[in-house]
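There are 2 protein chains.
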Amino acid sequence: MNFEYVTTVVTLAAFVAIPCAAEDVLPSWNDGLAKTAILEFVAAVTDESGGEYVEPSERIAVFDNDGTLWVEYPMYTQALFAFDRVKQLAPQHPEWKTQQPFKGVLEDDMKAVGASGMKGLMEIIMATHSGMTAAEFEQEASDWLATTKQPRFKRLYSELIYQPQLELLAYLRTKGFKTFIVSGGGVAFMRLMTERAYGIPRDQVVGSSVVSEYEVQDGKPVVVRKPEMNFIDDKAGKPVGIYQHIGRRPILAFGNSDGDMEMIEFTTAGKGRRLGLFVHHTDAEREYAYDRRGHVGRLDTSLDRADEMGWIIVSMKDDWKTVFPNR
Amino acid sequence: MNFEYVTTVVTLAAFVAIPCAAEDVLPSWNDGLAKTAILEFVAAVTDESGGEYVEPSERIAVFDNDGTLWVEYPMYTQALFAFDRVKQLAPQHPEWKTQQPFKGVLEDDMKAVGASGMKGLMEIIMATHSGMTAAEFEQEASDWLATTKQPRFKRLYSELIYQPQLELLAYLRTKGFKTFIVSGGGVAFMRLMTERAYGIPRDQVVGSSVVSEYEVQDGKPVVVRKPEMNFIDDKAGKPVGIYQHIGRRPILAFGNSDGDMEMIEFTTAGKGRRLGLFVHHTDAEREYAYDRRGHVGRLDTSLDRADEMGWIIVSMKDDWKTVFPNR
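Protein chains in written order, with our numbering: chain A, 4 to 330; chain B, 4 to 330.
Read the hints as simulated data drawn from the structure, not as lab findings. Even glycine gets a Cβ: it sits at the ideal position worked out from N, Cα and C.
Quick list of simulated restraints, FRET-style, between CB atoms:
{"id": "1", "chain 1": "A", "residue 1": "Lys178", "chain 2": "B", "residue 2": "Pro230", "range": "37 to 47 Å"}
{"id": "2", "chain 1": "B", "residue 1": "Asp27", "chain 2": "A", "residue 2": "Thr325", "range": "48 to 58 Å"}
{"id": "3", "chain 1": "B", "residue 1": "Gln91", "chain 2": "A", "residue 2": "Glu126", "range": "45 to 55 Å"}
{"id": "4", "chain 1": "A", "residue 1": "Arg308", "chain 2": "B", "residue 2": "Asp50", "range": "49 to 59 Å"}
{"id": "5", "chain 1": "B", "residue 1": "Glu311", "chain 2": "A", "residue 2": "Lys152", "range": "48 to 58 Å"}
{"id": "6", "chain 1": "B", "residue 1": "Glu218", "chain 2": "A", "residue 2": "Lys178", "range": "27 to 37 Å"}
Think about it this way: if two alpha-carbon atoms lie no more than 20 Å apart in a straight line, the pair counts; the simulated DMTMM-like pairs of lysine to aspartate or glutamate are:
{"id": "7", "chain 1": "B", "residue 1": "Lys274", "chain 2": "A", "residue 2": "Glu218"}
{"id": "8", "chain 1": "B", "residue 1": "Lys320", "chain 2": "B", "residue 2": "Asp286"}
{"id": "9", "chain 1": "B", "residue 1": "Lys90", "chain 2": "B", "residue 2": "Asp112"}
{"id": "10", "chain 1": "A", "residue 1": "Lys320", "chain 2": "A", "residue 2": "Glu288"}
{"id": "11", "chain 1": "B", "residue 1": "Lys178", "chain 2": "B", "residue 2": "Glu26"}
{"id": "12", "chain 1": "A", "residue 1": "Lys274", "chain 2": "B", "residue 2": "Glu218"}
{"id": "13", "chain 1": "B", "residue 1": "Lys324", "chain 2": "B", "residue 2": "Glu170"}
{"id": "14", "chain 1": "B", "residue 1": "Lys223", "chain 2": "A", "residue 2": "Glu311"}
{"id": "15", "chain 1": "B", "residue 1": "Lys324", "chain 2": "B", "residue 2": "Glu288"}
{"id": "16", "chain 1": "B", "residue 1": "Lys324", "chain 2": "B", "residue 2": "Asp34"}
{"id": "17", "chain 1": "A", "residue 1": "Lys90", "chain 2": "A", "residue 2": "Asp146"}
{"id": "18", "chain 1": "A", "residue 1": "Lys223", "chain 2": "B", "residue 2": "Glu311"}
{"id": "19", "chain 1": "B", "residue 1": "Lys274", "chain 2": "A", "residue 2": "Asp221"}
{"id": "20", "chain 1": "A", "residue 1": "Lys274", "chain 2": "A", "residue 2": "Glu58"}
{"id": "21", "chain 1": "A", "residue 1": "Lys274", "chain 2": "B", "residue 2": "Asp221"}
{"id": "22", "chain 1": "B", "residue 1": "Lys238", "chain 2": "A", "residue 2": "Glu216"}
{"id": "23", "chain 1": "A", "residue 1": "Lys274", "chain 2": "B", "residue 2": "Glu141"}
{"id": "24", "chain 1": "B", "residue 1": "Lys114", "chain 2": "B", "residue 2": "Glu126"}
{"id": "25", "chain 1": "B", "residue 1": "Lys238", "chain 2": "A", "residue 2": "Glu218"}
{"id": "26", "chain 1": "B", "residue 1": "Lys274", "chain 2": "A", "residue 2": "Glu141"}
{"id": "27", "chain 1": "A", "residue 1": "Lys238", "chain 2": "B", "residue 2": "Glu218"}
{"id": "28", "chain 1": "A", "residue 1": "Lys223", "chain 2": "B", "residue 2": "Asp310"}
{"id": "29", "chain 1": "B", "residue 1": "Lys100", "chain 2": "B", "residue 2": "Glu110"}
{"id": "30", "chain 1": "A", "residue 1": "Lys90", "chain 2": "A", "residue 2": "Glu110"}
{"id": "31", "chain 1": "B", "residue 1": "Lys223", "chain 2": "A", "residue 2": "Asp310"}
{"id": "32", "chain 1": "B", "residue 1": "Lys152", "chain 2": "B", "residue 2": "Glu162"}
{"id": "33", "chain 1": "A", "residue 1": "Lys114", "chain 2": "A", "residue 2": "Asp87"}
{"id": "34", "chain 1": "A", "residue 1": "Lys274", "chain 2": "B", "residue 2": "Glu139"}
{"id": "35", "chain 1": "B", "residue 1": "Lys238", "chain 2": "B", "residue 2": "Asp307"}
{"id": "36", "chain 1": "A", "residue 1": "Lys122", "chain 2": "A", "residue 2": "Asp111"}
{"id": "37", "chain 1": "A", "residue 1": "Lys90", "chain 2": "A", "residue 2": "Glu141"}
{"id": "38", "chain 1": "A", "residue 1": "Lys238", "chain 2": "B", "residue 2": "Glu216"}
{"id": "39", "chain 1": "B", "residue 1": "Lys274", "chain 2": "A", "residue 2": "Glu139"}
Modelling step: build the complete structure from the supplied sequences, incorporating the hints.
Here's what the structure looks like:
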């Protein structure tokens with residue numbers, strides 16, 4: 004190997020990589036407390052000569068999905084997928100016509116579905132997300148994601164992702180962070196959109212899951228999804244999911260609801276510099292406005308504790324210049 | 004940005020990156036069927052103009068740990084750690100003096116320990132791997148790994164890793180593969196050595212785990228390890244672990260025992276080109292020789308099925324030029 008060539012390449016590459024001083028790495032973020040907190044945090048943990056430097060292998064950033072990276076209002080996207088599956092599977096289940104919460108789904112009676120509570124929602128998930136192979140589920144969910152549009156914005160759900168967060172994810176990665184999703188959604192569902200939408204590979208998604216089993220069916224090895232919850236990645240489950248899957252305490256965590264509070268509490272309680280942030284849905288015009296009384300993504304206790312804990316509340320209305328990517 | 008500079012960099016970088024025709028990417032592998040199978044497989048799935056091309060995001064390679072990447076004979080390293088923990092914790096457990104399998108461990112009576120079977124081993128694991136925080140366990144296991152030497156080779160266990168496999172892992176990564184460990188060992192134990200030893204980050208380790216819970220202890224958020232198995236990543240559990248954690252069927256799988264058979268069966272049953280390999284421990288002189296009657300890492304049914312399934316049996320004695328890295 005010719006070392007002169009190598010030296011030349013390294014020198015020029017370093018030169019080319021220096022960003023122009025005027026470059027805005029987060030162009031869809033308005034100047035303000037949140038943007039400053041992010042930029043200062045990243046500068047501190049990547050400054051080798053500073054006292055708050057963090058090795059690249061420890062630069063773990065975790066993001067909730069629903070309401071933090073994509074729209075969750077008025078109903079979680081995965082629940083809408085499950086409702087559509089109930090309608091699709093109804094001919095094979097005549098008993099659903101009279102049996103809640105399925106009756107409510109078939110009659111678009113969301114009040115009845117809501118009245119069935121978490122137990123009802125779990126019944127719907129089990130009936131629509133199991134009893135099939137992993138590959139069959141992937142096909143069903145991929146087809147739905149590729150074709151179903153959100154009524155208000157008339158765009159695919161996988162396009163209703165937040166442009167400022169896409170910039171933040173990309174920026175963190177250029178700074179040596181490894182970015183993960185840690186969300187209450189089903190891991191097998193979320194994975195189908197995270198790679199293309201966020202640049203987050205399938206194996207960097209931590210989520211809820213059903214028990215699965217390996218079987219050889221007609222000589223073909225398959226994984227089968229069973230009608231039993233394996234793990235619920237919400238609230239106190241999130242730090243556990245992080246431990247089991249990632250194996251390191253993150254240094255940055257971003258959520259939007261009380262379901263993310265334990266994850267952010269766990270993250271910011273670590274030694275050294277840490278950053279915890281919540282998206283606050285304050286923008287009824289460009290997206291939705293909900294917090295303490297939201298029927299999804301309730302942000303209440305976390306809002307009360309934010310000041311004391313040093314958590315950053317990111318106001319969608321004030322901190323984000325744009326919400327969705329341009330078509 | 005000066006485009007002339009950029010062009011120069013790209014040109015020079017491309018020039019520097021072209022390997023010399025004579026470069027051997029797997030220098031510790033002897034020429035033979037196994038090495039040829041690996042090189043031909045990688046060439047085929049990375050050749051964009053060929054019919055067997057695989058997108059980088061799908062280039063998932065999974066490796067068992069014990070006996071595939073590091074020594075497992077005469078006893079799994081993690082079991083040895085557990086036995087040492089039993090001795091260390093014995094003063095707090097006077098009842099262990101008369102109670103199997105603990106009595107056997109304290110008296111170095113491996114026959115008695117073995118007679119307690121899988122149930123006994125689980126009791127030992129539960130008693131030594133739980134009832135503490137994640138951070139406390141990490142400290143205990145890290146200290147042990149940093150100081151305990153294997154008696155025959157007089158080296159740290161984390162140094163008794165296979166040089167040919169280090170080369171293969173590195174080679175696969177240069178070819179756009181993402182490398183994972185999928186092993187029966189405890190994920191929290193394995194992670195402590197995989198990054199430095201193999202270049203495999205903590206979150207790319209799939210393993211067995213205990214139930215864990217999030218708690219705030221004296222105001223400090225911690226994850227606590229409970230005395231209950233969460234998941235056993237062995238045999239038919241391995242494809243399930245792959246599904247839950249990685250979310251893609253691998254295209255290459257490397258194991259060494261019947262505990263890896265389902266993982267390799269699942270991998271090689273996928274569409275398109277696939278590669279399944281087993282390390283065959285045939286080298287009593289440089290390492291150990293065991294297979295069909297091994298009390299650890301039994302390789303029996305897989306050996307019978309290898310020909311029919313197209314699985315590659317890698318003979319340590321014949322296929323590996325060196326076994327361990329030079330000091």
